Amino acid sequence: MERRTILKLVAAGVVPGSTGLVQIACQPEGQGLEFLSAGQYALLDALTEIILPADDRSPGASAAGVARYIDIVAADGTQAERDRWLAGMEAVDAGARERFGSAFADCDAGQKDEIVSRMAANEDHPSSQLDHFFRLIKRATIDGYYTSQVGIEFELGYKGNTAVDEFPGCTHHGHGEPAASADA
Amino acid sequence: MKQDNFDVIIVGSGPGGGIATYALATAGLKVALVEAGPRVSSGVDFNGHHWPYEYRDRRAPNFWRDNFLRGHFTPVGDRPGHGQIRALGGRSICWAGHSLRFGPKDFESWPLPYEEVAPYYSRAERLMGVYGYKDGLSNLPDGEFLKPVPMRCGEERLRLGVERLRERGAKMAFVAQRKAMLTRPPDRPQWKHRQKCHYCGHCSGCAVDAKYTSANTPIPLAEETGNLTIFAECMATRVRVSSEGAAAAGIEYRGPDGEPRHLDAKAVVLACSAVETARLLLISDVANSSGQVGRNLTSHFGVTVRGFFPQVIGRDASNDDGTGYYHSLLTGLYWDDPHPDFEGTYQVQCGAGVTSHRMAIRHAPGYGSALKRSLRERNVGNAGMNMQGTTLISSNKFVDLDPDRRDAFGMPLPRVHLHYDDSDVAMAQDMVQKCEEIIRAGEGEVLSTPGTVGVEDLVIDLNHWVGTTRMGTDPRSSVVDPGGRSHDLPNLFVTDASVFPAYPEKNPTLTNIALSWRTADGIAERFRRNELV
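Heads up: the sequence lines are chains A and B, in that order. Quick note, the first sequence lines up with residues 119 to 302 if you use my numbering. Quick note, the second sequence lines up with residues 8 to 540 if you use my numbering.
Certain hints may be false.
Said to hold, decoys possible - Here are the computed lysine-lysine pairs in the DSS-like style, where the Cα-Cα straight-line distance is at most 30 Å: (1) A:Lys277 to B:Lys154; (2) B:Lys199 to B:Lys141; (3) B:Lys112 to B:Lys178; (4) B:Lys37 to B:Lys199; (5) B:Lys112 to B:Lys141; (6) B:Lys203 to A:Lys277.
Everything labelled a hint here was simulated from the structure, so no lab data went into it. Since this is a predicted model, take the numbers as computed values, not measurements.
Work the whole structure out from these sequences, hints included.
Here's what the structure looks like:
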């Protein structure tokens with residue numbers, strides 16, 4: 119992460135300057151929700167962070183505020199869409215209780231990952247309710263993360279959306295013409 | 008509202024109406040320009056440089072998406088759409104700027120040859136400011152170009168793929184796009200209301216008027232002549248004819264207060280779009296002795312194939328914005344040798360890279376850090392290929408009036424009938440195979456493809472409808488003559504793309520503007536000869 123970028127985010131209140139750990143600084147966790155309960159928010163926050171986690175390149179879904187994004191799109195959506203979220207979250211907790219004897223929030227990291235791993239196993243051919251819920255939450259996580267400042271600026275490293283004097287296009291010899299050795 | 012004695016009424020201020028307004032006002036004629044929508048201001052009504060996270064639902068404003076009239080037509084059949092923007096400038100405000108001349112072969116099925124239109128293409132390009140490379144292609148003539156804008160990395164891979172297929176005998180070409188955007192300072196008088204492009208990619212509503220629109224070039228220039236009166240927020244509801252029925256007398260319209268009014272003039276020009284011009288003529292029951300008004304409807308349609316090029320993922324992808332996603336074009340297909348399974352031709356608009364508006368690739372398998380990595384790589388290394396083919400002109404595609412639905416003024420809404428023909432599906436299937444071949448020849452992976460194409464995969468271009476007032480020399484089979492004049496009413500003209508009698512794969516707007524300018528010159532000449540009184 120470039121120092122210049124970090125300073126910009128510090129100024130924007132996204133990154134606390136002292137540690138470099140990224141958090142949503144603007145809104146205390148679970149406050150001001152429009153649709154989710156605090157518990158549901160915590161569940162989605164944990165699930166989305168497993169889907170798009172923090173790593174050495176960039177912060178994850180939690181820092182990007184994805185659970186709050188889901189709260190807003192669900193609040194603005196239809197009743198049927200809200201019902202799908204509610205049923206999906208209940209199914210995750212029910213599955214966790216059945217397998218590990220506690221709600222998802224009370225599972226340890228390994229157990230949480232195992233739950234998500236099973237949800238993701240049938241991604242291409244979903245049949246169970248949890249299979250379908252995985253597709254729903256994954257799509258929302260991707261949409262929320264890559265429209266956030268964290269996703270656009272840190273993860274993608276995107277610096278456009280601004281005025282430049284010229285557009286250089288591809289300047290890499292080898293993209294349009296293979297190197298002589300590659301052509302042999 | 009003072010009702011002057013107008014020489015000409017022009018209904019509609021999009022690409023065709025805007026240029027006709029300019030040509031006629033600068034010829035010294037008194038022009039009334041009637042536009043259903045309000046005046047809008049670049050930089051006020053549409054701004055660039057938004058970030059999605061500045062908005063509650065992560066949807067940054069988009070002039071097109073937020074303003075086109077939804078539900079203003081009745082769709083019949085295979086998911087037709089109809090985009091209508093009501094604003095001074097019409098859809099020129101949000102067009103993508105693609106400016107491709109139709110070629111000599113394309114005009115073979117028109118009642119006028121390429122050479123007849125070529126001088127107007129040149130005039131149009133000089134007025135608009137069109138950038139491009141001179142590619143020397145037989146049926147995509149070069150124009151009078153400003154400094155071009157190059158392709159991105161993924162597009163270079165597609166070009167490489169095309170070059171390799173050409174070495175094996177394939178007939179196709181891969182070139183950079185040509186667009187009506189100023190790539191130099193606005194140092195010519197016709198560009199005085201515009202600025203140089205700064206490559207932010209927010210072209211659907213250019214906040215600095217680097218992109219040509221009717222609202223930033225022909226209309227303000229026409230206003231400066233003192234010959235133009237603009238009737239904004241005025242909806243034309245009928246073409247009026249003289250008491251003998253032999254000529255157009257003017258129009259009826261509803262003003263901003265909703266009250267019915269009328270305007271008189273010596274000539275009436277319609278430029279409301281292929282759907283709305285047909286609708287107005289059908290409602291008025293004029294200019295239709297041929298029965299062809301609303302018929303011969305065609306548009307562009309297509310499917311999208313995406314490729315992924317691992318060779319380019321290590322590049323700096325910090326700013327791929329440019330002049331919007333499509334910087335390149337696959338063209339030259341079937342110009343000389345028609346395909347046995349379908350009629351007509353297609354082109355493929357190509358783009359690549361990361362955009363600020365919405366990630367091009369929003370899916371990759373799995374979850375976790377591996378998912379982040381593959382989404383990043385797929386977006387950095389993607390290339391999208393969007394087919395633009397012409398739907399077969401047939402009895403399955405037409406515009407008529409809905410007997411049941413009416414608008415706020417009590418006028419019947421248009422119905423748009425679209426039923427794809429077998430030829431259309433076969434064309435899309437060929438395009439999918441070609442694109443997959445090109446991606447692989449460029450050493451890429453096919454990331455997404457419709458595979459086997461069905462009607463349900465086809466997407467209509469809701470902005471490219473043409474044909475509903477087709478031009479021709481025979482009054483029995485066409486609505487207007489090659490000069491854009493009604494065969495039935497000698498002072499009624501059409502200057503939008505609904506006059507196109509045949510439609511190549513190329514984007515319509517530049518030809519619409521060139522042809523409208525030619526028709527307007529013809530109108531001015533008729534005034535000089537006192538034929539319009």
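Tested hints:
| no. | hint | result |
| --- | --- | --- |
| 1 | A:Lys277 to B:Lys154 | 24 Å, holds |
| 2 | B:Lys199 to B:Lys141 | 26 Å, holds |
| 3 | B:Lys112 to B:Lys178 | 16 Å, holds |
| 4 | B:Lys37 to B:Lys199 | 23 Å, holds |
| 5 | B:Lys112 to B:Lys141 | 19 Å, holds |
| 6 | B:Lys203 to A:Lys277 | 21 Å, holds |
In summary, this structure violates none of the numbered hints.
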